[in-house]
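Q: Sequence:
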Amino acid sequence: MRGFRLPEPCFPAKPGTFGFAYALGYAESFDPLDELPMVAPLLAQPVVEACLRVPSWFWYDGGRNRMIARRAFQRELPPEIFHRRSKGSPESFVGEIFEQHRTTIRIRCWTALVKHGLVDREAIEKIFIDPRPAYGTGFMRLLEFSDVEAWIAGCSSLRGDAVDFSRSASHRAYCAALPGAGSRRPRSQ
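So the sequence shown is numbered by numbering that gives the first Met the number 0: it starts at 0 and just counts up by one.
Hints listed in this document are in silico derivations from the structure and should not be mistaken for laboratory results.
The beta-carbon is built from N, C-alpha and C at its ideal position, and this holds for glycine as well.
Possibly wrong hints are sitting among the right ones.
Claimed, not checked - Derived DMTMM-like pairs (lysine to aspartate or glutamate); straight-line CA-CA distance at most 25 Å:
id, residue 1, residue 2
1, K114, D146
2, K86, E98
3, K125, E98
4, K114, E98
5, K125, E79
6, K114, D129
7, K86, E75
8, K114, E143
9, K86, D60
10, K125, E143
11, K125, E148
12, K125, D146
13, K114, E148
14, K114, E124
15, K86, E143
16, K125, E90
Said to hold, decoys possible - Per label pair, the in silico range of CB-to-CB distance:
id, residue 1, residue 2, range
17, R105, F72, 41 to 51 Å
18, W56, S85, 14 to 24 Å
19, A39, A71, 14 to 24 Å
20, Q44, R69, 21 to 31 Å
21, V93, A71, 24 to 34 Å
22, P132, L51, 40 to 50 Å
23, R74, I128, 51 to 61 Å
24, R105, G153, 15 to 25 Å
25, H115, I67, 44 to 54 Å
26, L42, E124, 39 to 49 Å
27, Y59, T136, 14 to 24 Å
28, E75, D119, 44 to 54 Å
Build out the structure end to end from the sequences listed, making use of the hints.
A: Take a look at the structure:
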């Protein structure tokens, strides 16, 4: 979207807020300079209303999701497609990206989140020193951390100062006081 700028100041905002706003702006075509109108036929009111009328217990059957659509197109779908439980995942593709940029991601993950004790440094290091190709959820989690670090760095550069984590410290203290908080560890995988 042309002309998209982060609002000033960009804190306090949850990670992903600006990405969502950007995507929404793209989907809704808020840019007055766009020459072509954005048309989303699957978001037309009658289609959305029809989807919302389907009870949630019809969505799944026998461990398979999207059962309304599967049944609607059962005659056109090959049996192996109709009966499958998943379409796989982009894990191998994301794993290649992780391997290609492992050093950069490692450097990025050692900045704000580790420095301020928001993630478990040892758990992160275990994933980085594993000589096997990226697999499982661990490396995906590191990519999420890297995304958060990039967001923090971007907001810091816009403001021209370092990130102030004083709110994070008070937030951590608040979370530590919640029932059952003593059994929680920072998520790193």
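Q: Has the given pair, K125 with D146, been kept, meaning a C-alpha gap of at most 25 Å?
A: This hinted pair holds, its Cα atoms lying about 19 Å apart.
Q: Could you tell me whether the CB distance from R105 to F72 stays inside 41 to 51 Å?
A: holds (45 Å)
Q: Confirm or reject the claim that E75 and D119 have a C-beta distance inside 44 to 54 Å.
A: About 48 Å separates the Cβ atoms of E75 and D119, which means 44 to 54 Å holds.
Q: Between the alpha carbons of K114 and D129, is the straight-line distance 25 Å or under?
A: The hint holds at about 22 Å.
Q: K114 and E124 were given as a pair; does the straight-line alpha-carbon distance stay at or below 25 Å?
A: Satisfied, since the Cα-Cα distance of roughly 14 Å is no more than 25 Å.
Q: At the C-beta level, are V93 and A71 separated by a distance inside 24 to 34 Å?
A: Since the Cβ atoms of V93 and A71 sit about 31 Å apart, the hinted range of 24 to 34 Å holds.
Q: Quickly compare the C-alpha distance for K114 and D146 to 25 Å and report which way the hint goes.
A: holds (16 Å)
Q: Please verify whether K114 and E143 have alpha carbons no more than 25 Å apart.
A: holds (17 Å)
Q: Honestly, do P132 and L51 meet the 40 to 50 Å range at C-beta?
A: holds (43 Å)
Q: Is the hinted pair K125 and E98 satisfied, with a Cα-Cα distance of at most 25 Å?
A: It holds: about 15 Å lies between the C-alpha atoms, which stays within 25 Å.
Q: Does K114 pair with E148 here, judged by a C-alpha cut-off of 25 Å?
A: holds (11 Å)
Q: Using the Cβ atoms, figure out if Q44 sits within 21 to 31 Å of R69.
A: The hinted range 21 to 31 Å holds for Q44 and R69, with Cβ atoms some 25 Å apart.
Comparing the model with each earlier hint shows a violation of hint 5 alone; every other hint is respected.
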